[in-house]
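Given the sequences, and given the hints that come with them, work out the whole structure.
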Amino acid sequence: MEKLTVRMSSKATEEQLLYANILEKGMLVGLILMFITFALYVFGIMPAAIPVSEISSYWNQPVHDYLVAINENFLHWDHLVTGWSWIKLIGMGDFINFIPIAILSGVTIICYLAIVPGLFKRGDKAYAIMALAEAAILTLAASGLLAVGH
Amino acid sequence: MTKSVLQKLGGIYVFLLCALTLSPVWALASEAGTAAPVPVDSDLAWWAWPLILLIVTFFMGIVAVLGGVGGGVLYVPIISGFFPFHLDFVRGTGLLVALSGALAAGPGLLKMNMASLRLAIPVALIASTMAIVGAMVGLALPTNIVQILLGATILGIVVIMFTAKKSAIPDVKQADPLSSALRICGIYHEASSNEDINWCVHRTPLGLATFIIIGFMAGMFGLGAGWANVPVLNLMMGAPLKISVATSKFLLSITDTSAAWIYLNKGCVIPMMVVPSLIGIMLGSFVGVRILKVAKPAFIRWMVIAILGFAGIKALTKGLGIDLF
Numbered sequence: 000m001e002k003l004t005v006r007m008s009s010k011a012t013e014e015q016l017l018y019a020n021i022l023e024k025g026m027l028v029g030l031i032l033m034f035i036t037f038a039l040y041v042f043g044i045m046p047a048a049i050p051v052s053e054i055s056s057y058w059n060q061p062v063h064d065y066l067v068a069i070n071e072n073f074l075h076w077d078h079l080v081t082g083w084s085w086i087k088l089i090g091m092g093d094f095i096n097f098i099p100i101a102i103l104s105g106v107t108i109i110c111y112l113a114i115v116p117g118l119f120k121r122g123d124k125a126y127a128i129m130a131l132a133e134a135a136i137l138t139l140a141a142s143g144l145l146a147v148g149h
Numbered sequence: 000m001t002k003s004v005l006q007k008l009g010g011i012y013v014f015l016l017c018a019l020t021l022s023p024v025w026a027l028a029s030e031a032g033t034a035a036p037v038p039v040d041s042d043l044a045w046w047a048w049p050l051i052l053l054i055v056t057f058f059m060g061i062v063a064v065l066g067g068v069g070g071g072v073l074y075v076p077i078i079s080g081f082f083p084f085h086l087d088f089v090r091g092t093g094l095l096v097a098l099s100g101a102l103a104a105g106p107g108l109l110k111m112n113m114a115s116l117r118l119a120i121p122v123a124l125i126a127s128t129m130a131i132v133g134a135m136v137g138l139a140l141p142t143n144i145v146q147i148l149l150g151a152t153i154l155g156i157v158v159i160m161f162t163a164k165k166s167a168i169p170d171v172k173q174a175d176p177l178s179s180a181l182r183i184c185g186i187y188h189e190a191s192s193n194e195d196i197n198w199c200v201h202r203t204p205l206g207l208a209t210f211i212i213i214g215f216m217a218g219m220f221g222l223g224a225g226w227a228n229v230p231v232l233n234l235m236m237g238a239p240l241k242i243s244v245a246t247s248k249f250l251l252s253i254t255d256t257s258a259a260w261i262y263l264n265k266g267c268v269i270p271m272m273v274v275p276s277l278i279g280i281m282l283g284s285f286v287g288v289r290i291l292k293v294a295k296p297a298f299i300r301w302m303v304i305a306i307l308g309f310a311g312i313k314a315l316t317k318g319l320g321i322d323l324f
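Respectively, the protein sequence lines represent chains A and B.
Position one of the first sequence corresponds to residue 0 (numbering that gives the first Met the number 0), numbered consecutively onward.
Position one of the second sequence corresponds to residue 0 (numbering that gives the first Met the number 0), numbered consecutively onward.
Bear in mind the hints are in silico, worked out from the structure with no lab data behind them.
Wrong hints could be hidden among the right ones.
Interface residues of chain A toward chain B, partial, derived using beta-carbon atoms under 8 Å [unchecked claim]: (1) Y40; (2) S52; (3) I100; (4) A134; (5) A135; (6) A140.
Remember, it's a predicted structure, so these values are computed and weren't measured experimentally.
No residue lacks a Cβ here, since even glycine has one placed at the ideal position from N, Cα and C.
Dropping the structure here:
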């Protein structure tokens, strides 16, 4: 294990502050966007792929049945809307709401990547590697490669 | 005596959880046995359910703050038990509810040095990995099995809330070798006594191992895991209570992120459910913080335990196909 001199303090470390600042900005951007995109959707400013008046007919079904039903009745794609395929529907009021949700879910990956250089610089290799591993795991989860079916 | 009985009950529960989740029989089971969802009332206008959701989550946000629990642990059993939404969407939304709360609180807690990044990073690595596994298993299992396990878990949480003690500043005689090597320690300023408190942790390998189960359950049921994080960080690992609570809240922003991606990629996110829920919980939390100054914490805590007990029984009976109430 590397030898490090750590100055104990009641103040947060540089990495912790950097992480907090990025998290805060990502959270604010995500939340503000969520209000805007939901208003575009719910007030009918943007057309919805699944009409707002009909969504309640589908949300009591298991997710696979729901995806099949909305595909058959509205989308008519040759595959279901899973993974990142919602990107193709970004012009629709309901699916544009996935942008802020993805930002809120993805900001942690950026936070982790941002603190890695500082950790390596201070010789804190164990934490730098753990931060990289966490970023890789979250990226894998975000990639859609792990989505499995019923 | 009580401790022994609880340990045995815990052992039985973990065995049942493993047996139910790992048995291939369940993976082949059809959805035919799934408890019927609450029927959609076609007489209601399309905006009625989101509006009801907004109102209910508003009160849920108040109760969550006053009761000292996360939004997710109230959201999933109550909404899945009493609303027409399928459990798949409720779990996806529950994770986003817990995630948003953690994202809102996390930056401030980190800046104040109440949440410890050094404590969170190794714990989060394990918990978030297992949350992904839990989410994948939870989405592959028949709904009634997940509902039964959810009910049992919620009732287990009630027992934990009922029995778990807290230690403001646990007596950690010596940091263990792993936490020493990782330098999981720190100083925080205790405003009430105006002094700096040195802290370190012990039993780190055992604590990290426990987060395998916690992460799995968070992902499987879409629950925030503050109910489990705090006792493990505080009582098992010996972190001061304030550090445990703050680090637990921050941890949810990582653990729930990983599981949320699985639910999002699987299609378990409906904006018409997610956004009213998030707005309701957030507004309720703002109001809850203000009420907190005048509320009686003991009464609120008992109320949360009662609500969770009720929701747990509802989830359990719904999974078993018993229409109890």
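Hint-by-hint comparison with the structure:
1. Y40: Holds. Min distance 6 Å.
2. S52: With a minimum Cβ separation of about 4 Å from chain B (threshold 8 Å), the hint on S52 (chain A) holds.
3. I100: holds, 6 Å
4. A134: It is violated, given that the least Cβ distance between A134 (chain A) and chain B is near 10 Å, above 8 Å.
5. A135: It is violated, given that the least Cβ distance between A135 (chain A) and chain B is near 10 Å, above 8 Å.
6. A140: Since the shortest Cβ distance to chain B is 4 Å, the answer is holds.
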